[in-house]
Amino acid sequence: MILIFKTNIAGAAAANKILQLVKQQHQVTACTIDLEDCDKVLRVVGEVSKDTIVDCVAQMGFACEEL
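Numbering (the numbering used here), first residue to last: 73 to 139.
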């Protein structure tokens with residue numbers, strides 16, 4: 073399953089921290105953040121719930137909503 077989210081993640085340092093946190097979730101096989109996109113798109117591949125991903129991003133103080 074591929075989940076796609078709109079975020080407000082700003083900067084490479086924050087993106088790397090969030091990617092590390094998301095990758096720690098069980099069943100996540102890959103994830104990326106496109107900082108060049110106006111929606112700062114987060115893509116997650118794996119068998120994980122959208123709520124889990126939203127919670128991970130929110131823990132870091134950023135907004136995240138499924139597209």
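Just so you know, the hints here were simulated from the structure itself, not pulled from any lab data. Heads up, some of the hints might be wrong.
As the list claims (entries may be wrong) - Once the Cα atoms are required to be at most 30 Å apart in a straight line, the calculated DSS-like pairs of lysine-lysine come out as:
hint : residue 1 : residue 2
1    : Lys122    : Lys95
2    : Lys122    : Lys78
3    : Lys89     : Lys122
4    : Lys89     : Lys78
5    : Lys95     : Lys78
Claimed, not checked - Label pairs and their in silico Cβ distance ranges:
hint : residue 1 : residue 2 : range
6    : Gly83     : Glu119    : 24 to 32 Å
7    : Ala135    : Ala84     : 28 to 36 Å
8    : Ala135    : Glu108    : 15 to 23 Å
9    : Thr101    : Glu138    : 12 to 20 Å
10   : Asn80     : Asp123    : 14 to 22 Å
11   : Arg115    : Gly83     : 23 to 31 Å
12   : Ala135    : Asn88     : 13 to 21 Å
Note that this is a predicted model, so its numbers are computed, not measured. For every residue, glycine included, the Cβ atom is placed at its ideal position computed from N, Cα and C.
Comparing the hints with the structure gives:
| no. | hint | verdict |
| --- | --- | --- |
| 1 | Lys122 with Lys95 | holds, 14 Å |
| 2 | Lys122 with Lys78 | holds, 12 Å |
| 3 | Lys89 with Lys122 | holds, 18 Å |
| 4 | Lys89 with Lys78 | holds, 17 Å |
| 5 | Lys95 with Lys78 | holds, 18 Å |
| 6 | Gly83 with Glu119: 24 to 32 Å | holds, 29 Å |
| 7 | Ala135 with Ala84: 28 to 36 Å | violated, 18 Å |
| 8 | Ala135 with Glu108: 15 to 23 Å | holds, 18 Å |
| 9 | Thr101 with Glu138: 12 to 20 Å | holds, 18 Å |
| 10 | Asn80 with Asp123: 14 to 22 Å | holds, 18 Å |
| 11 | Arg115 with Gly83: 23 to 31 Å | violated, 18 Å |
| 12 | Ala135 with Asn88: 13 to 21 Å | holds, 18 Å |
Hint check: violations occur at hints 7, 11; the rest are consistent with the structure.
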